[in-house]
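K.L.:
Its first residue numbered 1, the sequence shown is counted upward by one per residue in full-length UniProt numbering.
Just so you know, these hints were derived from the structure itself, not from any lab. Since the structure is predicted, the reported quantities are computational estimates derived from the model, not experimental observations. The beta-carbon is built from N, C-alpha and C at its ideal position, and this holds for glycine as well. Certain hints may be false.
[Stated by the list, open to error] Below are the SDA-like pairs computed for lysine to any residue, each with C-alpha atoms no more than 25 Å apart in a straight line:
# : residue 1 : residue 2
1 : K382      : R416
2 : K463      : L381
3 : K480      : M383
4 : K464      : W492
5 : K152      : P133
6 : K167      : K269
[To be verified] Label-pair ranges, simulated between beta-carbon atoms:
#  : residue 1 : residue 2 : range
7  : H377      : S454      : 48 to 54 Å
8  : E320      : D138      : 27 to 33 Å
9  : D448      : M25       : 54 to 60 Å
10 : Q41       : Q351      : 14 to 20 Å
11 : G44       : I149      : 52 to 58 Å
12 : H377      : K464      : 16 to 22 Å
13 : M141      : E193      : 19 to 25 Å
14 : K221      : K382      : 52 to 58 Å
15 : Q488      : D403      : 33 to 39 Å
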Amino acid sequence: MRLSFGLEARQLQKQILAPRMIQSMEILQLPLQALQERIEQELGENPLLELQERDPTLPEEQSDLDGPNERSIEDKPLVVDEAHNNADDFERLLQLDRDVPDYFDETTRRSANRMDEDSDRAHDTISNVAERPESLQDYLMHQLGELDIDAKTMAMAERIISALDAKDGGYLRSSLRDLLPADASPDDLQLAEQALTLVQSLDPPGVGARDLRECLLLQLKPEVDLYDEQKTLISNHLEDLRDNRLPQITKATGYSIDRIKEAWEELRKLNPKPAAQFSEVHTPAVEPDVEVQRGEGGKWQVIVEESRTPQLFISKHYRERLASGEATPEEREYIKRKVQAAQWLIESIEQRRNTLTKVAQAIVEHQTAFLEDGPEHIHPLKMQQIADKVGVHVTTVSRAVDDKYIQTPRGIYPLRRFFVGGTHTDGGEDVAWDIIRIRLQEIIDKEDKSSPLSDDEIVNELKKQGLEVARRTVTKYRQKMSIPSSRQRRDWSKT
Numbered sequence: 001m002r003l004s005f006g007l008e009a010r011q012l013q014k015q016i017l018a019p020r021m022i023q024s025m026e027i028l029q030l031p032l033q034a035l036q037e038r039i040e041q042e043l044g045e046n047p048l049l050e051l052q053e054r055d056p057t058l059p060e061e062q063s064d065l066d067g068p069n070e071r072s073i074e075d076k077p078l079v080v081d082e083a084h085n086n087a088d089d090f091e092r093l094l095q096l097d098r099d100v101p102d103y104f105d106e107t108t109r110r111s112a113n114r115m116d117e118d119s120d121r122a123h124d125t126i127s128n129v130a131e132r133p134e135s136l137q138d139y140l141m142h143q144l145g146e147l148d149i150d151a152k153t154m155a156m157a158e159r160i161i162s163a164l165d166a167k168d169g170g171y172l173r174s175s176l177r178d179l180l181p182a183d184a185s186p187d188d189l190q191l192a193e194q195a196l197t198l199v200q201s202l203d204p205p206g207v208g209a210r211d212l213r214e215c216l217l218l219q220l221k222p223e224v225d226l227y228d229e230q231k232t233l234i235s236n237h238l239e240d241l242r243d244n245r246l247p248q249i250t251k252a253t254g255y256s257i258d259r260i261k262e263a264w265e266e267l268r269k270l271n272p273k274p275a276a277q278f279s280e281v282h283t284p285a286v287e288p289d290v291e292v293q294r295g296e297g298g299k300w301q302v303i304v305e306e307s308r309t310p311q312l313f314i315s316k317h318y319r320e321r322l323a324s325g326e327a328t329p330e331e332r333e334y335i336k337r338k339v340q341a342a343q344w345l346i347e348s349i350e351q352r353r354n355t356l357t358k359v360a361q362a363i364v365e366h367q368t369a370f371l372e373d374g375p376e377h378i379h380p381l382k383m384q385q386i387a388d389k390v391g392v393h394v395t396t397v398s399r400a401v402d403d404k405y406i407q408t409p410r411g412i413y414p415l416r417r418f419f420v421g422g423t424h425t426d427g428g429e430d431v432a433w434d435i436i437r438i439r440l441q442e443i444i445d446k447e448d449k450s451s452p453l454s455d456d457e458i459v460n461e462l463k464k465q466g467l468e469v470a471r472r473t474v475t476k477y478r479q480k481m482s483i484p485s486s487r488q489r490r491d492w493s494k495t
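Could you put together the complete structure from these sequences and hints?
P.N.:
Structure, rendered in structure tokens:
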């Protein structure tokens with residue numbers, strides 16, 4: 001291989017996406033809430049972009065603009081001072097664009113009364129903000145402060161508390177040796193053990209445990225029913241309980257099956273993750289992007305939710321300034337650049353609406369049985385089928401349904417919910433995997449618990465119903481549905 005430096009001409013064919021196309025794809029992929037945030041951001045960055053403010057009870061006014069975006073680019077009457085050409089205003093606006101690109105709004109000076117009103121409003125807003133929930137560390141430190149302990153034990157206990165994670169249930173995953181300096185003495189390790197015992201005595205019971213076995217033992221109290229049996233099961237037979245090996249436990253302990261099951265029921269009342277209540281779980285609100293309703297002739301019709309999407313238009317004031325011929329070349333260049341950015345955004349939003357409508361309508365037409373008869377009647381569907389029907393690329397369909405939700409008479413569902421794989425029946429009919437899961441659950445619910453069906457036997461039962469399914473498929477879906485194995489489902493009291 002020869003290496004050399006030099007210049008050479010090479011002809012390559014390369015696909016480059018235009019900025020306008022990139023923006024259109026980004027807007028299409030945004031869910032409703034993210035789209036609202038994007039519009040708010042664009043309103044703050046582009047002074048030529050304005051928000052349509054009108055009474056929703058009044059009929060929609062027709063725009064006097066010409067072009068393909070008459071529905072979404074509407075005029076808003078503005079008063080233009082003919083005696084003043086606003087040259088100073090434009091100079092100031094241009095200077096702001098150079099110095100502070102993210103700031104285009106012209107902020108007026110507020111009066112003292114207005115400032116007082118804003119201050120009161122801000123105070124009311126702060127007063128209504130939810131207080132930060134108490135953390136696990138705060139809760140434990142508050143209890144620790146009420147105890148009469150020496151400074152060294154207090155410091156070590158604080159170090160242990162700082163290592164606990166509420167998302168992990170409040171377990172201490174680090175070893176005590178890791179929490180001590182490298183040159184720690186045996187006395188320091190003994191002090192750490194005492195501090196850990198102190199932390200484990202705090203509320204909630206079980207906090208600071210190093211594993212599940214220790215967590216459950218910390219929650220046991222001598223006065224509870226079947227204390228000895230529960231302690232024995234936790235200490236020596238947790239794995240046997242998990243695998244439902246009750247005869248082995250009987251052989252090792254001498255306890256009867258009924259006594260073991262009774263103690264097991266009491267164990268289920270213990271909390272394997274005692275600090276989970278302090279873990280902040282954020283559940284985002286879901287806003288449907290589209291809604292499906294019965295149309296004329298009983299046909300399902302998709303409606304894109306537009307009431308929550310702000311209506312945008314290009315400022316008439318700046319367009320008149322551009323058309324007047326009085327603007328300087330620098331002003332004209334600035335206005336044209338901002339008009340183009342605003343136009344791209346408005347057209348991207350309109351294109352998003354059209355694409356989402358077509359894709360959702362095609363999905364609804366394919367899954368009519370789901371809407372009319374329920375989830376057990378869903379049909380297999382691939383994104384490529386919708387792409388072929390709508391006439392777009394499959395990646396466009398993927399972006400259109402990504403993180404989007406649809407409001408149906410049966411509830412709110414993600415659009416991706418309607419894309420499912422499937423198999424064939426003996427008669428050649430396509431059956432979705434969702435139906436396989438439903439049939440699987442029905443078979444297990446009806447089985448004899450004294451002799452549960454194995455996965456091979458479940459395959460045979462499905463075959464009797466005309467469904468050809470491999471054993472590994474049954475195993476995979478059983479595990480996804482959190483259904484135990486036949487050994488774990490067995491009821492030993494009925495044997």
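K.L.:
Look at each hint and say if it fits the structure.
P.N.:
We went through each hint and held it up to the structure:
For the proposed pair K382 and R416, the alpha carbon gap of about 10 Å is at most 25 Å, so the pair holds. Distance restraint check for K463 and L381: the Cα-Cα separation of roughly 23 Å lies within the 25 Å cut-off, and the hinted pair is therefore satisfied. The straight-line distance between the Cα atoms of K480 and M383 is roughly 23 Å, inside the 25 Å bound, and the hint therefore holds. A C-alpha spacing of about 28 Å is found between K464 and W492, which places the hinted pair above 25 Å, so the restraint is violated.
Annotation: proposed proximity of K152 to P133 is violated, straight-line Cα distance about 29 Å (limit 25 Å). For the hint pairing K167 with K269, the CA-to-CA distance comes to about 20 Å; that is within 25 Å, so the pair holds. In this structure the supplied range 48 to 54 Å is violated for H377 paired with S454, their Cβ-Cβ distance being about 29 Å. At about 59 Å, the CB distance of E320 to D138 disagrees with the hint of 27 to 33 Å.
Between D448 and M25 the CB atoms are about 55 Å apart, so this pair conforms to the stated range of 54 to 60 Å. The hinted window of 14 to 20 Å between Q41 and Q351 holds, with their beta carbons roughly 19 Å apart. At roughly 54 Å, the beta carbons of G44 and I149 sit within the given window of 52 to 58 Å. Distance hint for H377 and K464: a CB-CB separation of about 21 Å, consistent with the stated range 16 to 22 Å.
Restraint check, M141 to E193: a C-beta distance of roughly 20 Å satisfies the suggested window 19 to 25 Å. K221 and K382 have their C-beta atoms about 57 Å apart, which keeps the hinted 52 to 58 Å range intact. Separation of Q488 from D403 is about 36 Å and conforms to the stated range, judged on CB atoms against 33 to 39 Å.
Of the numbered hints given earlier, the model fails hints 4, 5, 7, 8; all others are met.
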